[in-house]
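Working from the sequences, and respecting the hints, build out all of it.
The residues making up each chain are set out below.
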Amino acid sequence: MHKQLKNILTTIAIALTIGIGFRQLNTDRPITHSQDVVLVTHDSFVMSKELVAAFEKASGLKLTLIKAGDAGSLTNRLILTKDSPIADAVFGIDNTFAGLANTNSLIDGELTPTDFGDVCFNYDKVWFAKHQLAVPASVAELVEPAYRGLTVVENPNTSSTGLAFLAASIDKFGTSGWQDYWQSLKANDIKVVDGWETAYYTDFSGSSGHGSYPIVLSYASSPADEIDAAGHSLTAAILDGCFRQTEYAGVLRHAKNPGNARTLINFLLSSQFQTSFPTAMYMYPINPAVPLPSSWKTNTRIAPHTFGDRLDINAHRKLWLTEWSAIFD
Amino acid sequence: MWAAPVTFIVVLFYWPVARILALGFSGDWLSATLTSRTWHIVWFTIGQALASAAFSVILALPIALLLYCRRFSGQRFLLAAVTVPFMLPTVVVGIAFTPFEGLPPIGRIICAHLFMNVGIAVRIIGSVWHRIDTSAEEAAVLDGAGRFLVFTAITLPQLRTAIASAGALIFLYCASSFGVIMILGNVHTRTLETEIYVAATQFLDLPRTSGLSLIQTALTIGAFAVAHKYSRGRMSFAENSDNQHRTPLQPSDKFAGLLAAGIFLFLICWPLLRITQKAFSFHGSWSLQNFKNLGSFGARQTLSITLLHATFNSLRNMVLASVLALVVGTCVSYLLSRRKFNDASHRSATLLDTMFQIPVGTSAVVLGFGYLVTFSSGILPLRSSWLVTPLVQALLATPLVVRIIFPALMAIDSHVHESASIDTADSRQIWRWIEVPLIRSAISTSIAFTALVSIGEFASTSFLAYGDQATLPLVLFQLISHPGPQNYGMAMATSFLLIIGAFAIVFSVSEKSSKVSSLE
Chain R
0 MHKQLKNILT TIAIALTIGI GFRQLNTDRP ITHSQDVVLV THDSFVMSKE
50 LVAAFEKASG LKLTLIKAGD AGSLTNRLIL TKDSPIADAV FGIDNTFAGL
100 ANTNSLIDGE LTPTDFGDVC FNYDKVWFAK HQLAVPASVA ELVEPAYRGL
150 TVVENPNTSS TGLAFLAASI DKFGTSGWQD YWQSLKANDI KVVDGWETAY
200 YTDFSGSSGH GSYPIVLSYA SSPADEIDAA GHSLTAAILD GCFRQTEYAG
250 VLRHAKNPGN ARTLINFLLS SQFQTSFPTA MYMYPINPAV PLPSSWKTNT
300 RIAPHTFGDR LDINAHRKLW LTEWSAIFD
Chain Z
0 MWAAPVTFIV VLFYWPVARI LALGFSGDWL SATLTSRTWH IVWFTIGQAL
50 ASAAFSVILA LPIALLLYCR RFSGQRFLLA AVTVPFMLPT VVVGIAFTPF
100 EGLPPIGRII CAHLFMNVGI AVRIIGSVWH RIDTSAEEAA VLDGAGRFLV
150 FTAITLPQLR TAIASAGALI FLYCASSFGV IMILGNVHTR TLETEIYVAA
200 TQFLDLPRTS GLSLIQTALT IGAFAVAHKY SRGRMSFAEN SDNQHRTPLQ
250 PSDKFAGLLA AGIFLFLICW PLLRITQKAF SFHGSWSLQN FKNLGSFGAR
300 QTLSITLLHA TFNSLRNMVL ASVLALVVGT CVSYLLSRRK FNDASHRSAT
350 LLDTMFQIPV GTSAVVLGFG YLVTFSSGIL PLRSSWLVTP LVQALLATPL
400 VVRIIFPALM AIDSHVHESA SIDTADSRQI WRWIEVPLIR SAISTSIAFT
450 ALVSIGEFAS TSFLAYGDQA TLPLVLFQLI SHPGPQNYGM AMATSFLLII
500 GAFAIVFSVS EKSSKVSSLE
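Going down the list, the sequences are from chains R and Z. Quick note: the first sequence uses numbering that gives the first Met the number 0, first residue 0, plus one each step. Quick note: the second sequence uses numbering that gives the first Met the number 0, first residue 0, plus one each step.
Do not take every clue at face value.
Unchecked claim - Between beta-carbon pairs, the in silico distance windows are: (1) Z:G261 - R:H209: 22 to 30 angstroms; (2) R:N101 - Z:G261: 54 to 62 angstroms; (3) R:A136 - Z:W38: 40 to 48 angstroms; (4) R:T278 - Z:G73: 46 to 54 angstroms; (5) Z:L148 - R:G148: 48 to 56 angstroms; (6) Z:I499 - R:H209: 22 to 30 angstroms; (7) Z:G106 - R:A325: 22 to 30 angstroms.
Stated by the list, open to error - EDC-like, lysine to aspartate or glutamate: derived pairs with alpha carbons at most 20 angstroms apart: (8) R:K317 - Z:D204; (9) R:K190 - R:D35; (10) R:K317 - Z:E100; (11) R:K81 - Z:D204; (12) R:K255 - R:E143; (13) R:K255 - R:D35; (14) R:K185 - R:D328; (15) R:K185 - R:E143; (16) R:K190 - Z:E100; (17) R:K124 - R:E143; (18) R:K185 - Z:E100; (19) Z:K291 - R:D227; (20) R:K296 - R:D227; (21) Z:K253 - Z:E136; (22) Z:K253 - Z:E137.
Hints were generated in silico from the structure; no laboratory data involved. Note that the Cβ used here is the ideal one computed from N, Cα and C, for glycine as well.
Right under this line is the structure:
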């Protein structure tokens, strides 16, 4: 009696759960309707409620957003589901993964550049002033004894920021010289951590985390967000050895609503959306005519010359990462 | 009878995991897996997990003694405080452990694992310990046996099942630990879990992913085989209710007390206080500004949903996941515990037990990829429903429920059953009136932990929840992924609220159960 009762109750519970699931899917899942558009992005994508409303009003479409990890994770998840994509359009594949997207024919048509940002070292102005040490003018100086144990970078195996600087270093020091450069960095006690969050907030002395390393690999735009109460910027970027990260949007092949996806991508390129790149995503709009916020005009500059963004990263990623890992093993 | 829980786990776990692994096994997975690098990683994974589990269990013993077998004011507060770190998102644990910077990476990792897992060991061991019949111990003391001898010869053997259970579980949590290894380790500290993450998300190397997952599963099975081997101990329960059984602090508790206080202050309080301190500081001075900012969407609208919305999502997921995990987990434990009356079904019971433990030691990335290829479309498009998050959280919490309730059920003396059967009680009556009251503290512990698993779960949730379904840990991560003091401060304030919220839940659950038992 008791066994049967328990069995029946549990079966009902599971049936109910799955049943509710199905109902949810049937009512909430929009991609079967032609008035819907689904955009899959990396985790750093931000679109304000106002912009979503503006897009939906202008196009008459209903927008659904899906976040799918960092640029690498996003690209690989799309490859995994390329025959039955989880969205209509993608935003956030960058130039370190664009080659991979193309060799897997993920995109219907071409990837369209939407925005860019420079991966550069940042330094803690207060620390350097207090220690009366000259700020390194180039990434080559980071191997000098004066800067021993002062620098923290991200692991290129686990961080897109780290991968960007690896590419920049390969371009700057050449295929024969980059490994020596990293050997010297290692000998100079450079710290390697898993990702940007740890490097910037746990180890960098110039952030609110008050770590103990005054030089960190971050973005040229980061100093605009480290302003003290008096309005002075506490950090600055070293504009040498920077990698220009360009982000792209595209219509996914086999998308259910490719026409709607195109409408959405045009919206991402409109000046209304482009204006939001610096404020919401800390990136520069691809359209140079779009005005920048005032804090960016005073506190950030783009690198005059960048490295590595023209290399075929996709073809060499595995080799470079293996060689890089061998240096630190 | 087994059909319901088995359906649950097959549909939500084995089906998606099998689909993604099958993709990998169609490639040359053996040569992708069997490299010298892999063996290095396997040994490191096992070594750090063994060390973490062993230290957790050892350090838990004095705390469990004081919190479960003695009576003094503030016990519930301390018990809740020891439990809370279990749910902290690892990015917060990483920040909390920056003062341990001087230690080598492996030391930092083990300390962080202890911080997060000592509470599990305290509760699993404690909930059995306080029911042990102390007459044998007392008799031995009267005969002049030393305190240490009594503990090792009489008490410890009776705690064997609970220690094995807690140890196996903590071993698996540490073997599949991801964030702690990534944040507190360095380029050398690679485990199976971090290696699977890199192989899957960065290289989409599915053959290697599948091969490594197979090794992970073997580890899980191995851990539980060892736990089973040492969980044959029987113990006799005290007849009286637990509050009477507790004794006041004794002078001979001095050693345990000092040890427990040291562990508590150094490993639990210090890291938690660092988060608190950061939550209340803004631009270098004490301030409530971070909490005032929580009403906003972060500097430059970093967040897509309000914190209130994320709190609602987290609480909703928590209620659903806890109820489901408790029902399924209790059902499995009950069925497993029947084996002690029927040796014929012993082997199949062991098999089924293992089947329900494997999710603990399975990579969140593998599960997430499995869901992506299985539930994105097709007959069960769960992927786009909000239900997917609480269902997966229930799946991850179920093994924990089994590991807490099963040893408690096994520890019930079979004489209780036999005498009740002679008195013509049917199995439902025995369950309702004898077994449930005896395992009450195990049930309340389960509720506490399923709630914590749900609230703190990050890895799988980040794979599955999207758009307006973000939970508190996801919001916290979004904040800390962007530069600027406002976002950092809000992330710390969110962590503080998570700690307080988790504390309140754990505290209220344990208070309720104690009240009921004192009324008995």
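These are the hints, each one checked on the structure:
{"no.": "1", "hint": "Z:G261 - R:H209: 22 to 30 angstroms", "in the structure": "28 angstroms, holds"}
{"no.": "2", "hint": "R:N101 - Z:G261: 54 to 62 angstroms", "in the structure": "58 angstroms, holds"}
{"no.": "3", "hint": "R:A136 - Z:W38: 40 to 48 angstroms", "in the structure": "45 angstroms, holds"}
{"no.": "4", "hint": "R:T278 - Z:G73: 46 to 54 angstroms", "in the structure": "49 angstroms, holds"}
{"no.": "5", "hint": "Z:L148 - R:G148: 48 to 56 angstroms", "in the structure": "51 angstroms, holds"}
{"no.": "6", "hint": "Z:I499 - R:H209: 22 to 30 angstroms", "in the structure": "24 angstroms, holds"}
{"no.": "7", "hint": "Z:G106 - R:A325: 22 to 30 angstroms", "in the structure": "26 angstroms, holds"}
{"no.": "8", "hint": "R:K317 - Z:D204", "in the structure": "11 angstroms, holds"}
{"no.": "9", "hint": "R:K190 - R:D35", "in the structure": "47 angstroms, violated"}
{"no.": "10", "hint": "R:K317 - Z:E100", "in the structure": "32 angstroms, violated"}
{"no.": "11", "hint": "R:K81 - Z:D204", "in the structure": "16 angstroms, holds"}
{"no.": "12", "hint": "R:K255 - R:E143", "in the structure": "55 angstroms, violated"}
{"no.": "13", "hint": "R:K255 - R:D35", "in the structure": "9 angstroms, holds"}
{"no.": "14", "hint": "R:K185 - R:D328", "in the structure": "11 angstroms, holds"}
{"no.": "15", "hint": "R:K185 - R:E143", "in the structure": "11 angstroms, holds"}
{"no.": "16", "hint": "R:K190 - Z:E100", "in the structure": "12 angstroms, holds"}
{"no.": "17", "hint": "R:K124 - R:E143", "in the structure": "19 angstroms, holds"}
{"no.": "18", "hint": "R:K185 - Z:E100", "in the structure": "19 angstroms, holds"}
{"no.": "19", "hint": "Z:K291 - R:D227", "in the structure": "19 angstroms, holds"}
{"no.": "20", "hint": "R:K296 - R:D227", "in the structure": "17 angstroms, holds"}
{"no.": "21", "hint": "Z:K253 - Z:E136", "in the structure": "18 angstroms, holds"}
{"no.": "22", "hint": "Z:K253 - Z:E137", "in the structure": "18 angstroms, holds"}
Checked against the numbered hints given earlier, this structure breaks hints 9, 10 and 12; the rest are met.
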